[in-house]
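Protein chains: 2
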Amino acid sequence: MQYRMSELFLRTLRETPADAEAASHSLLIRAGYLRRAAAGSYTWLPLGLLALNKVTAVIREEMNRAGFQEVHFPALLPKEPYEATGRWSEYGPALFRLQDRRGADYLLAPTHEEMFTLLVKDLYSSYKDLPISLYQIQTKYRDEARPRAGLLRGREFVMKDSYSFDIDDAGLEVSYQKHRDAYQRTFDRLGIKYVIVSAQSGAMGGSASEEFLAPAQAGEDTFVLSEGGAANVEAIVIAPTAAINFDSLPAAQVHDTPSTATIDTLVEFSNSNPELRIDRSWSAADTLKNVVFKLTNQQGDVRALAIGVPGDREIDMRRLEAAVYPEVVSPFAEEDFAKHPKLVKGYIGPQALGLNSPSKIQYLVDPRISVGSSWITGANAAGKHVFNLVMGRDFQADGNIDVAEVQVGDNCLVPTGKVLELARGIEVGHIFQLGRKYAQALDLKVLNENGEQVTVTMGSYGIGVTRAVAVIAEQHHDEKGLRWPRSVTPVDVHLVIAGKDEPLFNGATKLAAELNQAGLSVIIDDRMGVSVGVKFNDAELIGIPTIIVIGKKYADGQVELRDRFAEQSIDVPIDEIVATVKQLS
Amino acid sequence: MQYRMSELFLRTLRETPADAEAASHSLLIRAGYLRRAAAGSYTWLPLGLLALNKVTAVIREEMNRAGFQEVHFPALLPKEPYEATGRWSEYGPALFRLQDRRGADYLLAPTHEEMFTLLVKDLYSSYKDLPISLYQIQTKYRDEARPRAGLLRGREFVMKDSYSFDIDDAGLEVSYQKHRDAYQRTFDRLGIKYVIVSAQSGAMGGSASEEFLAPAQAGEDTFVLSEGGAANVEAIVIAPTAAINFDSLPAAQVHDTPSTATIDTLVEFSNSNPELRIDRSWSAADTLKNVVFKLTNQQGDVRALAIGVPGDREIDMRRLEAAVYPEVVSPFAEEDFAKHPKLVKGYIGPQALGLNSPSKIQYLVDPRISVGSSWITGANAAGKHVFNLVMGRDFQADGNIDVAEVQVGDNCLVPTGKVLELARGIEVGHIFQLGRKYAQALDLKVLNENGEQVTVTMGSYGIGVTRAVAVIAEQHHDEKGLRWPRSVTPVDVHLVIAGKDEPLFNGATKLAAELNQAGLSVIIDDRMGVSVGVKFNDAELIGIPTIIVIGKKYADGQVELRDRFAEQSIDVPIDEIVATVKQLS
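Chains as they are written, first to last, in my numbering: chain G, 632 to 1216; chain P, 632 to 1216.
Wrong hints could be hidden among the right ones.
Note that the list lumps identical chains together, so a pair holds whenever it fits in one copy or between two copies.
[What the hints assert, rightly or not] Simulated crosslink set (SDA-like; lysine to any residue; CA at most 20 Å straight-line):
{"hint": "1", "residue 1": "K1131", "residue 2": "R635"}
{"hint": "2", "residue 1": "K710", "residue 2": "Q730"}
{"hint": "3", "residue 1": "K1049", "residue 2": "D731"}
{"hint": "4", "residue 1": "K710", "residue 2": "R911"}
In case anyone wonders, no lab produced these hints; they're calculated from the structure.
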C-alpha cells in the first residue's frame, strides 16, 4: 500500500495534549494515531489502525502456531452465566450493566471465562476431546474508576483472551507452559521488553499465576527483582525474623510522650530523652505502628482488623487487598473509633488488640515482629507510649500478615533471596491456572477413560492488545517521537520528498511503486506548501523506522537512507535502495 | 494453514435446530460455523471466523481500492452527540442505553454518523481537505424487537460503515457514485447476487438512497421489479388513475346490509341482491375500505388519520410508516373509537371523514380513488352501506396517500412501468445521500475558496458484514449443505482420507503440506473411528468448494477431485493435483 501525506487522514500536533499522563499517550495523539472519543476510549486513525493490526497479526500467528484455535464471542452478554459464577456481583461498579427492551439484565464482558466454559460444555463431552485451548481477539469493557494514560488503562479495549481445558492437573501444567512459551515468543516478536513475575490472581480466583510486566515509568504495577527472580509485590513472601531470647531485656515502661501521635514525632521525642536509651539512638524501625481497617465480606458483613508493622514501613494497600481477598478493605473511620472506646487514635497498643482482648479485634503482625523483638508502641492512652514492649513476653498477636511495603534489601522467600530492585511495569500479559472454579460453577464435566464424569480444569491467559501498542510506544521512543520496531511498524518506509521540483515527485512515485512491488508499504510525504523541516519533524514523530529522503542528490542518482533507531544516515544509489531496504525489514 | 478434523473445534449436526428460520441459519449452525450465545447474538467457531475474515478482507480491499481510509471507533459512546442530532430519543427502544459508574448516559452505537462528523470537525477545517471518505469495520448494536434467522437480524453484528464529506452537492454525487461502484465490485467478488433498489431513507433522514437487496426467500424486504428498474415497496410511486366523467352515473343509495362488517361478506351480500347491479357482479375492487390510524409525532402529540383504499388491497404498513415518518403509526383502538362516536366501526364512510367534516379526522385516499370513480362503502350506520358513492360528486378527500400494497401489474411512476414481479430480498448494503443534517446539528463547517464558512454535505454507506456471510450461505447451498464461492471459502481444500491404512494418512499429510506450500489452506479429515460416509456428509455440509478424496486409487497414484458446485468428480494423478487445484482458486 501507498499512503500519500497530502491525502492521509491525520494531523500531527506540536504540543503535548493537556491530559497526557504517559509518553505513549502523548506521542500516539501527537503523531496522529489516535483521538480521544470519550473517557477511557479512543478512536483509531488510519496509521494507528495499521499499527494495531500489525500487533494483532503477530499475536494471532503465535497463538495459531501454538495450536490454539480462534473463536469469537459477543461482547454484550446475558447476566445468567456471570451470576452462576458470582462475578455478576463480585465485579462491583467495574462492570457495565444494562437492560434490554424486555428488562432482561445484560453486561459488557470484561473477560469471557463463563462463555468459553459453556461453549466447551456445549460441544464436548469426552476426555478424548481434551486438551483444547481456545482464544479470541475481542473488544472488552471495564468501567474503570480512573481511566488513565490513553491506551494503558481504558474502558473499552482489545484483549486476546485464551482458555485451556484439561482433564487433570498435569494437563493444565502442560497447557499453562505452552501459553507461557507462546507469550514469550509473542512479546519477543513485538519488541516488548518484559519480566515474568509471580502474581496473586485476585478476582479471577485461581492458584498459580504469572504476569508479564513491561518495565516502564508509566507503569502502575510495582515489581520486585530478587536474587531468585521477579515478582509482583502482592506475591512477595518476606522471610520471618527468627525468635530471640528476651530474658535479659529490660521491663516495659509507660512514659508520658506528649504530642507524639506520629512516628516521626515519637522518634524525635524518644531521642531527646537520653534516659530512655543510652546504647544508640532510636529510629522509626524501633516503633510498632498499629493500624485498624474495616473488612467487608461478600455477604456484606463488616469486621475490624488491626495490623502491626514496624514504624519505618507503610502498609502496601495492594498487598493488603490481595491478602484479605475476597474481603474488601476500607479505612477505619471516626464513627468506627466511636464504637471502640478502648482504641485511642494515635496511641493504639497491642494490649488493646487481639481476639482475646476486650476489643475482640483480630490482631495480625508483620513477620518482622518476631518473638523477643522489643518495641516502642502506643499505651492505649492519649499522650502515652510504652517502651521495651516485648513480643511473646508483653503481648501476643493472633498471627502474621505480610503486607508491609517491600524495600530493597528485604529478605524474601518468594522469589528467594534479597530484594535487589523495585521497579514499575505495565501488565501486558497474564497467565492463570484457574483450576475448577468455573467448570464447577457451570458444571463442565467430561467422561474420563473409566466412563466417569469428571470436572474439567482450566487456565485463562490474557494479552492486552491495545495496551501492547501503547507499551511498544512507551518502550520505543525518543524526544523526537515514536520509533516502531520493524516487526510492528504501521508502514515499512517513510519517503520524504525534500524539494518542490517535479522530477523529485516523479522519482518518489516510481520508487514507491518499486517498494510496493517488493512487498513494502510506503508513506510518501508529497505535501506542497510544507517545508522540508516540517516533513522531517513529522517523519520523526510518526516513527517509521526506515526513512528515505529523495532530494538534492537525486539528480546524481542518490537517495538518503535514515534509520530512526540507529540515528544514522547514508547515501544509497537509487538502483540499490529497494534491495537495501528489503534487507532491513 | 492446516486444520485437522480430529482436533478442530467443531461438531456437525444432522438435525435442523428448532429455532432456525432460514436455510443459512440452520446450515451455519449444523456445519459448525456458529453457536447461539444469546437472543440475536452468536459465537463464531473457528471455521465461521475464517469465513467471516474472508468476507471482511474482500470488503476492506474494495474500500481501500476506492481510496476510502479506514478508522475505528469505540462501540460504547456518550449520549451527547446523539442527543445533538435527536437520535438519542428517535431510536426509541432499539437503542441499548446504559449508565457508567458516575451515572453518565452512554449508548451502544447502532451507527456512527455523529462520531465521524465530529472526527472530521476535529481534524479538518478547509475545502482543501475535502473530499474525504472514511470507513470502519466494527461491531454494532440494535435492540431488535424480534431478532431472527441467525445472522440475518441480530442484536450484535458487524457492519462496514463509510461516510463521505464534500463541500457541495456535486461532490456528494461523485462520492455517492464511487461508493455505489465499490459496492457493486464488493458484492460481485463476494458472490452475492443483488438488485439495487431505490429506497426511502427512513430514520436516517436523508434524500437519495438506494438499497442492495440480495434476493432470497428468507428476506424481510419485498421489492418490486418493473419495466423501469427495481425498488423497495416504500419507494414505489403508483400512477394515479385519470378522472372520469360522472354525469351519467346513478345516484348514491343507502341499503340495509346486515352482517357485512368485512369486505368479503359485503361483496357476497351485494352479489346475492341482483337489484343492486345487473351489468356484472361486484368484486372487492368495487368497495372502498376506510381505515383509521393513530399517529404520534416526535413531541408526543397524537392525531387520527383515515385512509381510503380499494377493498381488494390491504394497507402496506411499511409503505404507511415511510409515508408518515417521522410520525409513528399505531392502531386505532376501542378507546379511540369511543372518543369519536360518529365513527361506526365496520361501517365507516367518507361522509364522516375529512378535516371539514364533523369528525375533523384527516382523510387521504389511494390514487386509484380518482374523481368519477364509484364505490360501495360504509354509510356510517351499523348494518348500512351506500352504493354508487362517487368521488368528487358525493364525497371529497383531503388528499392522496400511496400506501396500498403493491401488486403485479400495477402501473408505477417510480420506477417506471408495469410491476412485473414482487420478490423478497435481504438488505445487504445501503447507500444514502445524507446531506447536511448531521453537519448542521454538530456544526461541521469548513472554509471555502472565498474564505467563508460552509456546512459540509455528507453521505453514509453501510454493508452488513456478518449478514453478508449469511446471505452467501442463503444464496449458495443445496440440500446437502453449504457451498462457499471460492472467493470467500473459509479453507481452500477439504481433504478426505477415505480409509484406515497408514499410507493414506501419510499421503494426506504430504499432500496437505504441498497444498500449503502452494498457498492453499486445507482441512484434513483424519478422524479415526468415523466412517467414510460420515466424512463425505460432513464435507458436503461444511461446503468447501474443492474436495480431494485420498482413497483406494491412491496406491495407483490417483486421487479424486470433487467440485461442490459442479457436483462432478474426476480422478487426477497425485503429481498433478496441486497444480489442478491451484488453477481452480
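Hint check results:
no.	hint	result
1	K1131 x R635	within (15 Å within a copy, 58 Å between copies)
2	K710 x Q730	both (10 Å within a copy, 17 Å between copies)
3	K1049 x D731	neither (55 Å within a copy, 44 Å between copies)
4	K710 x R911	neither (63 Å within a copy, 66 Å between copies)
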